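Please model the complete structure; the sequences and the hints are all you need to start from.
Protein chains in written order, with our numbering: chain A, 3 to 351; chain B, 43 to 468; chain C, 20 to 153.
Hints in this document: simulated from the structure, not taken from any laboratory. From a predicted model like this one, the values you see are computed outputs, not experimental measurements. Please note that a few of the clues may not be correct.
Some chain A residues judged to face chain B by a derived CB distance under 7 Å, without partners named [what the hints assert, rightly or not]:
| hint | residue |
| --- | --- |
| 1 | Ala-168 |
| 2 | Arg-188 |
| 3 | Phe-215 |
Keeping only pairs whose Cα atoms sit at most 27 Å apart, straight-line, the calculated DSS-like set for lysine-lysine is [unchecked claim]:
| hint | chain 1 | residue 1 | chain 2 | residue 2 |
| --- | --- | --- | --- | --- |
| 4 | A | Lys-165 | A | Lys-82 |
| 5 | A | Lys-200 | B | Lys-345 |
| 6 | A | Lys-200 | B | Lys-307 |
| 7 | A | Lys-204 | B | Lys-345 |
| 8 | A | Lys-179 | C | Lys-105 |
| 9 | A | Lys-165 | A | Lys-151 |
| 10 | A | Lys-200 | B | Lys-311 |
| 11 | A | Lys-179 | A | Lys-165 |
| 12 | A | Lys-340 | A | Lys-231 |
| 13 | A | Lys-204 | B | Lys-373 |
| 14 | A | Lys-35 | A | Lys-162 |
| 15 | B | Lys-373 | A | Lys-200 |
| 16 | B | Lys-172 | B | Lys-98 |
| 17 | B | Lys-44 | B | Lys-127 |
| 18 | A | Lys-186 | B | Lys-172 |
| 19 | B | Lys-98 | B | Lys-418 |
| 20 | B | Lys-307 | A | Lys-204 |
| 21 | B | Lys-311 | A | Lys-204 |
| 22 | A | Lys-306 | A | Lys-231 |
| 23 | A | Lys-47 | A | Lys-80 |
| 24 | A | Lys-186 | B | Lys-307 |
| 25 | A | Lys-306 | C | Lys-57 |
| 26 | A | Lys-186 | B | Lys-98 |
| 27 | A | Lys-186 | B | Lys-311 |
| 28 | A | Lys-159 | A | Lys-35 |
Ideal placement from N, C-alpha and C gives every residue a C-beta, glycine not left out.
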Amino acid sequence: MSAFRIVHYINQFFGQIGGEEMAHIPPEYREGKVGPGLALEANFKGEAVIVGTVVCGDSYFNENMDEAKETILAMVEKAKPDLFIAGPAFNAGRYGVACGAMAAYVKEKLNIPVVTGMYIENPGADMYKTDIYIISTRNSAAGMRDAAKKMAALALKMLKNEKIGASSEEDYIPQGKRVNLFEKLRGSERAVNMLLQKLQDKPFTTEYPMPDFDRVPPNPPVADISRAKIALVTSGGIVPKGNPDHIESSNASKYGRYDIHGVMNLTSDKYETAHGGYDPSYANADADRVVPLDVLRDFEMEGKIGSIYEYFFSTVGNGTAVKSAKAYAEDFSKELIKENVQAVILTST
Amino acid sequence: MKLELGYIPITDIEFAERSYVEGSTLYVSKEELSDVLLQDENISSVSFAIALPGDKTRITPVKDVIEPRVKVEGKGGMFPGVLSKVDIVGSGRTHVLKGAAVVTTGKIVGFQEGIIDMSGPGAEYTPFSKTCNLVLVITPKEGVVQHEHEHTVRMAGLRAAAYLGELARELEPETIETYEFLPLLESIERYPDLPRVGYVKMLQSQGLLHDTYVYGVDAKRTLPTLISPTEVMDGAIISGNCVSACDKNPTYVHQNNPIVHDLFKRHGKDLNFCAMIITNENVYLADKIRSSDRTAEICGYLKLDGVIISEEGFGNPDTDLMMNCRKISDKGIKTVVITDEYAGRDGSSQSLADADPSCDALVTGGNANEVITLPKMDKVIGTEAYVGIIAGGWDKNKAEDGTIQVELQAITGATSEVGFGYLSAR
Amino acid sequence: MLIVSNNPMVEAAFGDSCVFIDGRALDVLIYVRDMLHKGHKLLSHPLAGSVKPYESPIRSVCVSKDKGAYDMQSILLMENAIDRYKTLSQRNFIENHNEDFQLIDLSLIQSAVESRFQDRDYLTTQSGGAMYET
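As structure tokens, this is what we get:
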């Protein structure tokens, strides 16, 4: 019996081409296995073979998603694989999005099983977990051995048409789909048992976890807005023309702090958007549409507000992990507090 | 209160000239029972059918299921305030025709509820595929409007159950189970070291086909109150609701509340089951607040350590459930909630209409939106024409070969929120 | 008190107290949501108990006639309900059972009206403030 044919997708870094500086390379197809493909194939123990590997730059994929998907699909199709594997992407956001998007697309168009792997906080996980199986990995390449083992195991099961169990059994990220099952004990007995565990301070597992509550209690309203110092912050990606800080178009790894002393209005010759998640034309034509500095200056002149803080903070919200966004805000908020900013107008897209 | 339940097991039902029980067979006289039921002038005719476990029979639409019982000793009669006079029940001895059930059907509204399949895949999802069922098909007189029709069918079911229960009065039960629910202070004295556990039972109380009655009182017009679980065993709570069938408590389930039974099993060993509180689920928002406030107050007043809360229904009662859970938790009381889910056909929608971080221990009766295929049955009692309309069915869901596709919603008791069943979800 | 509804039986029963919406159940909910933003208070829960959103084309919701400061809790409840409506799939409603759905909806909203009537003393002695705070 011949081995199953697998095509593997990896990025420029795992493809041994280069780091961030090579993230713009378009997809290329290599025969056989590359990089992490070796670990994967070892785990197949001869039952499956990586016949080819697609290597693609993370920036290229994210910025040219439609074209990239089509090009790569053609490469994959040509190799006639039985299954498609992408990553593992660990916590690399753009890589995770690429893996998820490509795997979902291959599944849709070629109707073959697909597997990928990434860390649960990778933005790609939330985006694609319901469409495809994403093995839950550690947050860095230190978890490569474990990830390869689990991805290979799930892949083989899918290839052999074996029943795929619950997420906890197969180590994939829960897909958020409720699946019915019959228990040995009736519900009332399970409830009494669960209550006893709680009363005895023993660990218990709820059968349905509540959704994530990310409630931020609002602060009290500004006492006198006409005397308040207001700052502008945006995740809409508005940056000085040329994007001097190279804020990424998605999964931003940084934020920018931009001087608006004496700037009345964000004009198209001096400002643009770096955000890759919306049609940039209107924002490029007039960045005030995303960061309403012009109107706020009017208010400042009319005495409706006290003053505008002379720097605005900007990052790109597209595919950026919640953790990152929180970290940036914690950082620049220190300055806002120090400078007695009383309120922030936060714009997103 | 101390109540002995004497079980007379029933494994078969047959029609006969007169009604009696012999061995484990229940013999029913259609004439005698008709006479009893036709006392209600709103009924123009009633027909009977028998559905036994394993039969290739489907009963639909199901209005209520009631267990035949009779009070042989102690105050009051079955279904006090409704059938019997107003009196406190729950003590003495009650005989039960265990394994028998009265099932009422009858089209009250077009989108009537409830399927019971006595065999096949559908039988797995309803507890009443395992009971010997006497089915009443009630036809109301011309001009009887829906709420009267509902009342008529409700009363007929209770009367039939009481009539059959009466047959057990002189019989010697095969087994007797004793349930003792002590006054609070006595139970604390007896079990000072055991955690004090209460059961908060939510009753649907919203309108036509959405009501529950406590000692004959519409639960809408009640405030949360303490009750002894033995009172409920004697029919103090009856069902007036059946929409959707999967998570409504038929009267049978009130009579046989599994949370009560499972708490009693651990009573005196791991816990002190010392309180049962019933509360309602009204439409008016202020009522929801009023009831959940009061329920939590009672739990706090009793200084309970833990509480199990069961819901009835979907949608706006999820708000009552979360209010109860949060407010009781705020009193420092540990909670476990039992509910069911409406997560959509693919299981990916949010299961509940409301949520609260305090609801960290939840037992589920399963996703009621799961679709299953039910095979054609040789016999249908009631009418199948409405299966497409009942909550969970949909138009054109009946295939050429007679198989129907329905959501679990439509199956009586499929996702019981008092944990009567074995279905769950992850 | 006003009842926003697409139920002809409710319109017939409540006359001027009914704001009749000639549309779907979701249109009723959206209309109520908009009213809440303008300061009306939500009095009954926007979701039916048990009849699922995709089962019945009929919906009625009670709101206060008077406006006050807007109540965030009501708005969140309303938005969640709208979300619930949208996420549970649509079916084809069986036309000739419309009357039955109307009847049940009328019964349910009547139970809310009765409760409201009971609160009338509270309403006349309080002015402005929220009927409840959750």
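Each hint, compared with the structure:
1. Ala-168: holds (6 Å)
2. Arg-188: holds (5 Å)
3. Phe-215: holds (5 Å)
4. A:Lys-165 <-> A:Lys-82: holds (24 Å)
5. A:Lys-200 <-> B:Lys-345: Between Lys-200 (chain A) and Lys-345 (chain B) the Cα gap is close to 16 Å, so the pair holds against 27 Å.
6. A:Lys-200 <-> B:Lys-307: holds (18 Å)
7. A:Lys-204 <-> B:Lys-345: holds (21 Å)
8. A:Lys-179 <-> C:Lys-105: The hint holds at about 17 Å.
9. A:Lys-165 <-> A:Lys-151: holds (18 Å)
10. A:Lys-200 <-> B:Lys-311: Within the cut-off at roughly 16 Å; holds.
11. A:Lys-179 <-> A:Lys-165: With a Cα-Cα distance of about 16 Å, the restraint between Lys-179 (chain A) and Lys-165 (chain A) holds, given a limit of 27 Å.
12. A:Lys-340 <-> A:Lys-231: holds (12 Å)
13. A:Lys-204 <-> B:Lys-373: holds (20 Å)
14. A:Lys-35 <-> A:Lys-162: holds (22 Å)
15. B:Lys-373 <-> A:Lys-200: holds (15 Å)
16. B:Lys-172 <-> B:Lys-98: holds (13 Å)
17. B:Lys-44 <-> B:Lys-127: Distance of about 21 Å is within 27 Å: holds.
18. A:Lys-186 <-> B:Lys-172: holds (17 Å)
19. B:Lys-98 <-> B:Lys-418: Holds, at about 9 Å.
20. B:Lys-307 <-> A:Lys-204: With a Cα-Cα distance of about 20 Å, the restraint between Lys-307 (chain B) and Lys-204 (chain A) holds, given a limit of 27 Å.
21. B:Lys-311 <-> A:Lys-204: holds (17 Å)
22. A:Lys-306 <-> A:Lys-231: The hint holds at about 11 Å.
23. A:Lys-47 <-> A:Lys-80: With Cα atoms ~25 Å apart, Lys-47 (chain A) and Lys-80 (chain A) stay inside 27 Å; holds.
24. A:Lys-186 <-> B:Lys-307: Measuring from Cα to Cα gives roughly 17 Å; hence the hint holds.
25. A:Lys-306 <-> C:Lys-57: holds (24 Å)
26. A:Lys-186 <-> B:Lys-98: holds (26 Å)
27. A:Lys-186 <-> B:Lys-311: holds (22 Å)
28. A:Lys-159 <-> A:Lys-35: holds (21 Å)
Comparing the model with each numbered hint stated earlier shows that all of them hold.
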